[in-house]
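Undergrad: Here is what each chain is made of, one letter per residue.
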Amino acid sequence: MLGDLSFPVLIASVLAASAPLIIIALGETLAEKSGVINLSLDGVVLFSAMAAFVVAKETGSLTLGFLAGGFAGMLTGVLVGYFSIYLHLSQVAVGFALALLCRDLAYFLGNPYSRVQGPTLLESKPPLHDILPSSLQTIMTQPLTVWFALLLVFLLYYFFTFSKAGLCLRSVGENPAASFARGLNPSKIQMWAVLVGAFLVGIGGAAYSLSLKPGWGRPQGAEGIGWIALALVIFGGWHPMRVALGAMLFAFLQVSGIGLQDLFPGVPAQVFQTAPFPLMIFTLIFMHYSTRKSRKQGYNENSFQRFIGKLFMSRAPKAIGKSYKQE
Amino acid sequence: MKRLSLDILLGSLLVFGFTALVLLIAGAPVLASFKNIWLGAFASTSKISQVLSVWVPLMLCSCGLIYTFRANLWNIGIEGQVTMGAIGAMAALRIPGIEHPALILTLAFFASFLGGGLWGLLAGGLKTRGGVHEIFGGLGLNFVAQGFILWLIFGPWKRPGIASMSGTELLPRDLWLSTFPGWRVATAGVIIAVAVLILTWLFLEKSRMGIKLKAIGQNPKAALLYATSPERYYLQSIIIAGGCAGLAGFLQVTAVYHRLIPSISSGYGYLALLLVMLSGYRIILIPFLALFFASLNVGAIQLPIVLQLDSALSGVIQGCCVLSALLILGLRQKRKQS
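Those protein sequence lines, which keep their order, are chains X and R.
The first sequence begins at 1 in my numbering and counts up one residue at a time.
The second sequence begins at 1001 in my numbering and counts up one residue at a time.
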């Protein structure tokens, strides 16, 4: 079904293709958990990808490139945060305008660097490479971004579930007024979440231009990724692990696009890449009905229903998208 | 009034300052860039008519968006509604057996309104019935429409021989909307855009329904006073918005590209969202801002040719306008409170 791809190669390419997307989607998860929708993702990914590539090319240092990507993301985070948290403007309006602005800014400033050779983050062999079986060797020979992405999934899961700071962040996203009454500073916590989230988005953008799709150009290849990441955050129900799984599912669709094309001849590969969006819509509908039904009928459901319920039982942070004004 | 002109002055300074900064970073001549955008948009009648042919779809999308913003809906799905309108028009144009061009074009006109309107209704239905926020529903549907148009271009409607990203086969000449000699904008397009603008103004400002829509948009509970549900108004407004966007798609097919291409909407839907935000949701300002945005878009095409700069500068200026306006609005609100 999947052409000439052997199983380990398939897994390796899915991991590699999903890594930047995981980082970006987790950055957005962090911001949304604190109650702020950062809609600027799509432009920020491109902007930071451009910044990362230009800095890496000029300095010859990949580390500086990744940092530049992160800080370019953070810079946009400052705007999103200041406008929506401190000026109480519509998060959607600010994010959307910024998405278009950053995209065009990236194209404009990156123009002299189109289609030039630059430094690329290569796959590195894992420790103990030689004693591993050959399939694992294939799977684990990955650029560092993959390990960073996987580590981030667990870090963020731990942060949300077990750490006090994560609890504070979630409480602000659910009910900022009550958090304020408990002595937290909602604006400050939201600002931090947006900034760190935007930094991660920037790192994800850098992972595109420095590793997955090396180089800069118009189009770069990371177009639309920001919107997909937004969809994945919802598809994953604001849960780091499920968000990451969603990103891997999307990467699988991307990687296996050629194989799928054999199954459905005449359907261009780009059509499969729109798959996350219908999935997102279905998830939202499921969420809507699962929360409504369980409230109406109590808990008389069989194990399958419970499984499905659990799978889709997720709820957006209650205060998401609402700007909090201190009384 | 004095404060308004002060705000506009401040906003223009912000936009000019930021754009100049961006140009300096890129190492480009600041004044020459502005001058070239101006020349690129207004130097000849052919350029002016090109500006108008961008103005038309921007106007149609913006008018549509006014309806949904009145109902307090964020119709980000407008991009997909343009695409679906174009598909609807193309479907009608492909009906075999109708000889008369005027008849088939009229059919395509209504089919595009229907296509965009139904796509809008779908986003609206997802909101009212499925609990899917219109931003995520609309965004998702944009990409679904994109997938659909790609499938059509590469599948059932592909060019005889080889299917490619350059689109379907060209329409026969008699299905092209006519233009004045020497002009590159379809006369019918301009007429449709102006008519939709006037109708929108009449409907929203002068009709009973428009006033109801405004009241319900600002406070959904007002619907109870009118003994209707807010859902009905959401759906009505998003159908009209989708229909207007669909008409833009119709004109993109019959007057601009004369075929279906993957990026038929050209991002005008998203641009119209920026435009309407910048107008502060005031209909009166829309034609002028649309002209401003359209001339930026067309004028910037000259930049890569003359100055080896990327034409994306127009988008930088447009986005910066909206952010500056938001910043001034936010600062003023904040000062009022304290």
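If you're looking for bench data, these hints aren't it; they were derived computationally from the structure.
Every residue gets a Cβ at the ideal spot worked out from N, C-alpha and C, and that includes glycine.
Take these hints with a grain of salt, some might be off.
Keeping only pairs whose Cα atoms sit at most 27 Å apart, straight-line, the calculated DSSO-like set for lysine-lysine is [unchecked claim]:
| no. | chain 1 | residue 1 | chain 2 | residue 2 |
| --- | --- | --- | --- | --- |
| 1 | R | Lys1047 | X | Lys188 |
| 2 | X | Lys325 | R | Lys1047 |
| 3 | X | Lys318 | R | Lys1047 |
| 4 | X | Lys322 | R | Lys1334 |
| 5 | X | Lys164 | X | Lys57 |
| 6 | R | Lys1002 | X | Lys318 |
| 7 | X | Lys188 | X | Lys325 |
| 8 | X | Lys125 | X | Lys325 |
| 9 | R | Lys1214 | R | Lys1336 |
| 10 | X | Lys164 | X | Lys318 |
| 11 | R | Lys1336 | R | Lys1002 |
| 12 | R | Lys1206 | X | Lys188 |
| 13 | X | Lys125 | X | Lys213 |
| 14 | X | Lys318 | X | Lys213 |
| 15 | R | Lys1206 | R | Lys1221 |
| 16 | X | Lys322 | X | Lys164 |
| 17 | R | Lys1221 | X | Lys325 |
| 18 | X | Lys325 | X | Lys213 |
| 19 | R | Lys1214 | R | Lys1334 |
| 20 | R | Lys1047 | X | Lys322 |
| 21 | R | Lys1212 | X | Lys322 |
| 22 | X | Lys325 | R | Lys1214 |
| 23 | X | Lys322 | R | Lys1002 |
| 24 | X | Lys322 | R | Lys1206 |
| 25 | R | Lys1002 | R | Lys1212 |
| 26 | R | Lys1047 | R | Lys1035 |
| 27 | X | Lys164 | X | Lys125 |
| 28 | R | Lys1035 | X | Lys325 |
| 29 | X | Lys188 | X | Lys57 |
Not everything, but these chain R residues come out facing chain X in the computed CB check (under 7 Å) [said to hold, decoys possible]:
| no. | residue |
| --- | --- |
| 30 | Ala1028 |
| 31 | Pro1029 |
| 32 | Trp1074 |
| 33 | Gly1131 |
| 34 | Gly1140 |
Undergrad: List in ascending order the numbers of the hints, as given earlier, that are violated by the structure.
TA: The structure conflicts with hints 1, 2, 3, 5, 6, 8, 12, 14, 18, 20, 23, 24, 25, 27, 28, 29, 30 and 31, although it agrees with all the remaining ones.
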